[in-house]
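> Sequence:
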Amino acid sequence: MALHPLQAGFPGGAELLVVLFVFGLFAVVPLVAAFLTYRDANRRGSSHALAWAAGAFFGGVVVWVLYFVVRDEVGPGLRPGQAPESDV
4 MALHPLQAGF
14 PGGAELLVVL
24 FVFGLFAVVP
34 LVAAFLTYRD
44 ANRRGSSHAL
54 AWAAGAFFGG
64 VVVWVLYFVV
74 RDEVGPGLRP
84 GQAPESDV
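Numbering of the sequence shown is given in this note's numbering, commencing with residue 4 and proceeding in unit increments.
It is worth saying that the hints were derived from the structure and are not from the lab.
None of the values given here were measured: they were computed from a predicted structure.
Among the clues, some could well be false.
What the hints assert, rightly or not - The calculated label-pair distances, taken between Cβ atoms and stated as ranges, are:
#	residue 1	residue 2	range
1	A30	P79	14 to 22 Å
2	V22	R74	29 to 37 Å
3	E76	L19	17 to 25 Å
4	V72	L23	16 to 24 Å
5	F29	L69	17 to 25 Å
6	V72	R42	48 to 56 Å
7	E18	P79	31 to 39 Å
8	S50	A17	42 to 50 Å
9	V65	R42	19 to 27 Å
10	V68	L28	18 to 26 Å
11	A57	V25	31 to 39 Å
12	G48	L28	27 to 35 Å
13	L19	V73	36 to 44 Å
The beta-carbon is built from N, C-alpha and C at its ideal position, and this holds for glycine as well.
Please put together the full structure from these sequences, using the hints given.
As structure tokens, this is what we get:
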């Protein structure tokens, strides 16, 4: 009895797909969080936006919560197209 191409499977089978999916999830979520943190800190005028992004990528949930708590101290939130206020 010959196997059809869809019945033959591939090395690793479904387990490999699950491992790749979980690995992708653990790589994509921190990358997106780091990007969003960098963009927000940059829009708030932080000179440490890159450090916040690196912390968000490598620090995980702890840094995400920390940034959410202190982000108002980083700078004022600006909407796209809105000019920052001057201290004159």
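> If a hint holds in the structure, say so; if it doesn't, say that too.
Hint check results:
no.	hint	in the structure
1	A30 with P79: 14 to 22 Å	violated, 33 Å
2	V22 with R74: 29 to 37 Å	holds, 35 Å
3	E76 with L19: 17 to 25 Å	violated, 45 Å
4	V72 with L23: 16 to 24 Å	violated, 34 Å
5	F29 with L69: 17 to 25 Å	holds, 20 Å
6	V72 with R42: 48 to 56 Å	violated, 18 Å
7	E18 with P79: 31 to 39 Å	violated, 49 Å
8	S50 with A17: 42 to 50 Å	holds, 48 Å
9	V65 with R42: 19 to 27 Å	holds, 20 Å
10	V68 with L28: 18 to 26 Å	holds, 20 Å
11	A57 with V25: 31 to 39 Å	violated, 23 Å
12	G48 with L28: 27 to 35 Å	holds, 32 Å
13	L19 with V73: 36 to 44 Å	holds, 41 Å
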